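Asker: All chains, please: the whole structure from these sequences, using the hints.
If you read the sequences in order, they're chains A and B. Quick note: the first sequence uses this note's numbering, first residue 17, plus one each step. Quick note: the second sequence uses this note's numbering, first residue 17, plus one each step.
Hints should not be assumed to be uniformly reliable.
Sample of chain B residues facing chain A (criterion: CB under 8 Å; computed from the structure) [what the hints assert, rightly or not]:
1) His164
2) Ile190
3) His193
4) Thr194
5) Ala219
6) Pro221
7) Arg223
8) Leu224
9) Ser230
10) Ala233
Rough simulated footprint, nothing fancy, chain A against chain B, three-plus residues with beta-carbon under 8 Å [said to hold, decoys possible]:
11) 200 to 212
12) 251 to 260
13) 290 to 302
Computed spacing ranges between beta-carbons, pair by pair [to be verified]:
14) A:Gln269 with B:Pro102: 44 to 54 Å
15) B:Asn19 with A:Glu192: 27 to 37 Å
16) B:Gly204 with A:His193: 21 to 31 Å
17) A:Ser241 with B:Pro102: 24 to 34 Å
By construction, these hints were calculated from the structure, which means they are not laboratory data. Values in this document were obtained by computation on a predicted structure and should not be read as measured data. Each residue gets a CB set at the ideal place from its N, CA and C atoms; glycine is no exception.
There are 2 protein chains.
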Amino acid sequence: MSNVTPDWIAVDWGTSNMRAWAMSASGTVLAEARSDKGMGELARDEFELELLRTVGDWISGPMTVVACGMVGSRQGWVEAPYASVPCPALPDGLARAPVQNPDLQVHVIPGIKQTDPADVMRGEETQIAGFLARNKNWDGVICLPGTHTKWVHVSADEVVSFQTFMTGELFATISEHTVLRHSLATEGWDDDAFSNAVEEAMARPERLAARLFSLRADGLLNDLSAVSARARLSGLLIGAELAAAKPYWLGQQIAVIGASGISKRYVDALALLHAPATQVQASAITVAGLTAAYQRLKG
Amino acid sequence: MSNVTPDWIAVDWGTSNMRAWAMSASGTVLAEARSDKGMGELARDEFELELLRTVGDWISGPMTVVACGMVGSRQGWVEAPYASVPCPALPDGLARAPVQNPDLQVHVIPGIKQTDPADVMRGEETQIAGFLARNKNWDGVICLPGTHTKWVHVSADEVVSFQTFMTGELFATISEHTVLRHSLATEGWDDDAFSNAVEEAMARPERLAARLFSLRADGLLNDLSAVSARARLSGLLIGAELAAAKPYWLGQQIAVIGASGISKRYVDALALLHAPATQVQASAITVAGLTAAYQRLKG
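Answerer: Structure follows, in structure tokens:
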């Protein structure tokens, strides 16, 4: 039997995997667990079993679970309907997931939607709430890089507006599924190639589809290395995104919340544009957001 | 035994398939054949066998074959080195492919390269040559839509400069391999959605990655249909390309050479921008270009 006896359990359950933390009431992490069964692989009645399989040895009596992410989507454990902007990052009204185990109470945090331009987030709202819990009265713009990068305008503790860019998914799909897969390294980095590409893309963002093919042609004709081509592709895509997101970041306080590698690329690119940004580690902030939701539930 | 007795054989051998035409000396098509063995599937010593398997019953004595396309790449039957711009669409110096059969002479048309910005074409040069053979003293811009769309500036019977856009491959890979695959129909069309997207992309081309995600969000929140989303994706990508290619097409005579469906989209999009373009059927033009190469060889 486990010697971890949490007061509650925090869960971040996304499309492709799940992370859970055994928590004290005050928000200290006691233990951590993971599963590679994401929402995408589970039917509605399989979530409870997977949760118990992953964290069952933390549970020896009544237990509160607070979860965020795609677990709350229509295809998830329970649909937690979107709140509409402007709204607090943690809107009222957690959804209760259906469970068999009488000791278990599972609360799911709603996502946030915006009607015009149409946009949705699910999971990022909890990171924003965690960031705001740690940075009281912070106004500015939060960038959350990932498969679908979000730019979020925050003011007076509310999410005012946001915009999602498919940049991360474009990078992955272009790298894996187009003719450029022959020209791109799967790892390695070239700072100069990245910086030059960011600046070119900012200056003439419409040339993206032409510059993509030039990665191939520069490899064939000018010996562009596969590592430089990879950094250049990243710079072209992030540069085009920054050109479009300029109304968000220009003249604003900026925080970048995400995995360290991709976050550093955004911070570096913003620095080239004379826009200093603070880099924030994602998983600690997610736990802080789940803790804020738990404390409101219990308060 | 076949009753077709051509004077020569024209071949367009691309990455994914091959087309061949039994030809009279004057350029009349007597018969046609196809193979689904493209350059991508064949080792160097397999091309001759595949050619004979496909058109062997047209051959009863010495036979000249003129071929264009990826068959002339480094991974093809024989490398036909690129000519450099500015140059005629049919540069001098056909490459001779190695053959076992003493009756067979196979000539491969070189591609064209440009050093700065780096770019290459292979196959399109033959279509351009065919178009110019039928339209003497034509100056202007030729657009060749496809997986990798080319814009080519032609003057005084020479290719002056060109630029390749990965638009077609982006459309295919985004449709098949990203989250948008859930939001896009695989066929069907919506003219208004296409036109609006072209105009939006022309006006703010840098917003591409954000507009892509909006196809998903508009489906979730605003009931955007999968058919409209497909037409909108095409419009966004073609619109961004036309924004970047504007220095090519603005104020120029324009010919669009390609398959009829995709060519019509480019002609429609150019019409929205008050740039009338002539649509030209691709395969007849390819045969005309191969014929021009044959006649020069024999002349």
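Asker: If a hint holds in the structure, say so; if it doesn't, say that too.
Answerer: Results for each hint:
1. His164: holds (6 Å)
2. Ile190: With a minimum Cβ separation of about 7 Å from chain A (threshold 8 Å), the hint on isoleucine 190 (chain B) holds.
3. His193: holds (5 Å)
4. Thr194: holds (5 Å)
5. Ala219: violated (10 Å)
6. Pro221: holds (3 Å)
7. Arg223: With Cβ-Cβ at 5 Å, under 8 Å, it holds.
8. Leu224: Nearest chain A Cβ about 7 Å off; hint holds.
9. Ser230: Holds. Min distance 5 Å.
10. Ala233: Interface hint status for alanine 233 (chain B): holds (4 Å vs cutoff 8 Å).
11. 200 to 212: Our answer is that it is violated, as 0 residues pass the Cβ test (under 8 Å) against chain A, missing three.
12. 251 to 260: holds (count 5)
13. 290 to 302: violated (count 0)
14. A:Gln269 with B:Pro102: 44 to 54 Å: holds (52 Å)
15. B:Asn19 with A:Glu192: 27 to 37 Å: Once the Cβ atoms are compared, 49 Å apart, the range 27 to 37 Å for glutamate 192 (chain A) and asparagine 19 (chain B) is violated.
16. B:Gly204 with A:His193: 21 to 31 Å: About 23 Å separates the Cβ atoms of glycine 204 (chain B) and histidine 193 (chain A), which means 21 to 31 Å holds.
17. A:Ser241 with B:Pro102: 24 to 34 Å: About 29 Å separates the Cβ atoms of serine 241 (chain A) and proline 102 (chain B), which means 24 to 34 Å holds.
Hint compliance for this structure: hints 5, 11, 13 and 15 are broken, all remaining hints hold.
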